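From just these sequences and the hints, can you work out the full model?
In short: position in the sequence shown from 1, add 862, done, that's our numbering.
Watch out, some of these pointers could steer you wrong.
[As the list claims (entries may be wrong)] Quick list of in silico lysine-lysine cross-link-like pairs, BS3-like style, CA-CA up to 27 Å: (1) K920 - K1288; (2) K890 - K1265; (3) K1288 - K1240; (4) K1138 - K1160; (5) K1170 - K1288; (6) K1160 - K1170; (7) K1138 - K1170.
[As the list claims (entries may be wrong)] Label-pair restraints from in silico Cβ distances: (8) L1058 - K920: 41 to 49 Å; (9) V943 - Q1173: 39 to 47 Å; (10) A1061 - G1236: 28 to 36 Å; (11) V889 - I1042: 25 to 33 Å; (12) V943 - R977: 29 to 37 Å; (13) M1128 - K1265: 32 to 40 Å; (14) L1058 - P1179: 53 to 61 Å.
Keep in mind the hints are simulated off the structure, nothing from the lab. Values in this document were obtained by computation on a predicted structure and should not be read as measured data. In this text, a Cβ means the ideal position worked out from N, Cα and C, and glycines have one as well.
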Amino acid sequence: MKTSLSNSLNSSLMFLLGILPLGVFTVKGWSSGMSFAYCAIAIAIILTHSFTQAIDSKNEQLIFWGRFILLTLMLPLIAAVLSSTLRGVWIWPDFDAPSRFFLATPVFYVVLRNRLEPLRYWQYLMSIGLLLTILSTAFLPGYYGEINLFDGSRLAIYFVDPLTLGYMSLTLGILSFFSINLFSRDPWYVILLKLLGTALGFFISLKTQSRTGWLAIPPILFLILWLYGPKNKWASSLSALAISIVLSVGIYQASSTVQNRFHDAMVDFKDYQLDKVNAESSIGERISFARMALYYFKLNPISGWGHKGFQSHINDPELVAFATFNTRNAPGSGALFHSEISTNSVTFGILGLIYTLLLFFAPLALFIRSWSLGGNSKLCAFGIAYTLCILISSLSTEIFHLKFAASFHAIFMACICAQVLNGMRKSSESIS
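So this is what it looks like as structure tokens:
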């Protein structure tokens, strides 16, 4: 009876995890609803001891990294609770996104403990999910009204803004490429499917006309060339650097959209002045937002301001000196500073800064460490590519602010980390 229950719970969790990429951009509430379902099943597995694998208490690497990633996933909610306690203000928006990472903690534990492998499904369904996204634009309303793939309007779904759709589709497209031959040699038709997913990811990103995430392309090209380059890493690194620069220039020359958006960014950056009030441009406002966030953070670094507490300081002389009235008021819609690090630092203070950095660099350190220990290099590269994409995207927009995006990233991150750790465990077992 217990074996039957254990198999049913694990099969249900594995099935639901596997289909995560399918409805991210096509079904409103898909990622959020799925995260609650994953958490409920994972808790049921823990409470009923429906484990299929024994705990390897002698594997120090596994124990250390497992605890480190668990702490990383719990820290956002801990920061929100401590910040709210210190400020004496309790509102749900402060806990919305942080709670999604907390929901992922039992999922991480079960995927690690039972050696589940959701990436074996995701490697195919990421491409299919991007294809469904394109097809859905024929009947789903757009973010700014009707969608038309072939006019000049910015592509976005009614519940996904252009910035979010742009970087997430680009990320999934890049990961579709990194999933080629991820666990074994793929048949030619599977490779075509994954290349189609790569092309669709770039196409959707370009149609959103959002620059968010584009700066990840050069280091991603470097990673690809380093992964598949010569075994001599000095030669591989130098050739990868040279080729990635050439390919980046080629992408720029081949796309008028990239050229126009890059040119606009350079003009905005050149026109920005540190000691004068600046015009409201895309890049200019982001620079001003960063300066505003630093000012608010220095005023209250311990507890932070929550989502709107800083508004009493928007007319301080230090800010009036360089930011317009509209620029100073823009973040008040929810502490949005167009940067994940800036937003969380202002909202939750020093703990917000720490947990945001950990969400990026703890998984990145794990993937690099696993690669250095002889783990599955392609799986580690997949994790590094994902982390680089969201890290670089986070510099120009909040990537964990929307509930569906926070839910998706929390589960995605937890499962990749758990599967990489299971790869390390498998390698250590084969050696012993």
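query: If you check each hint against the structure, which ones fail?
result: 5, 9
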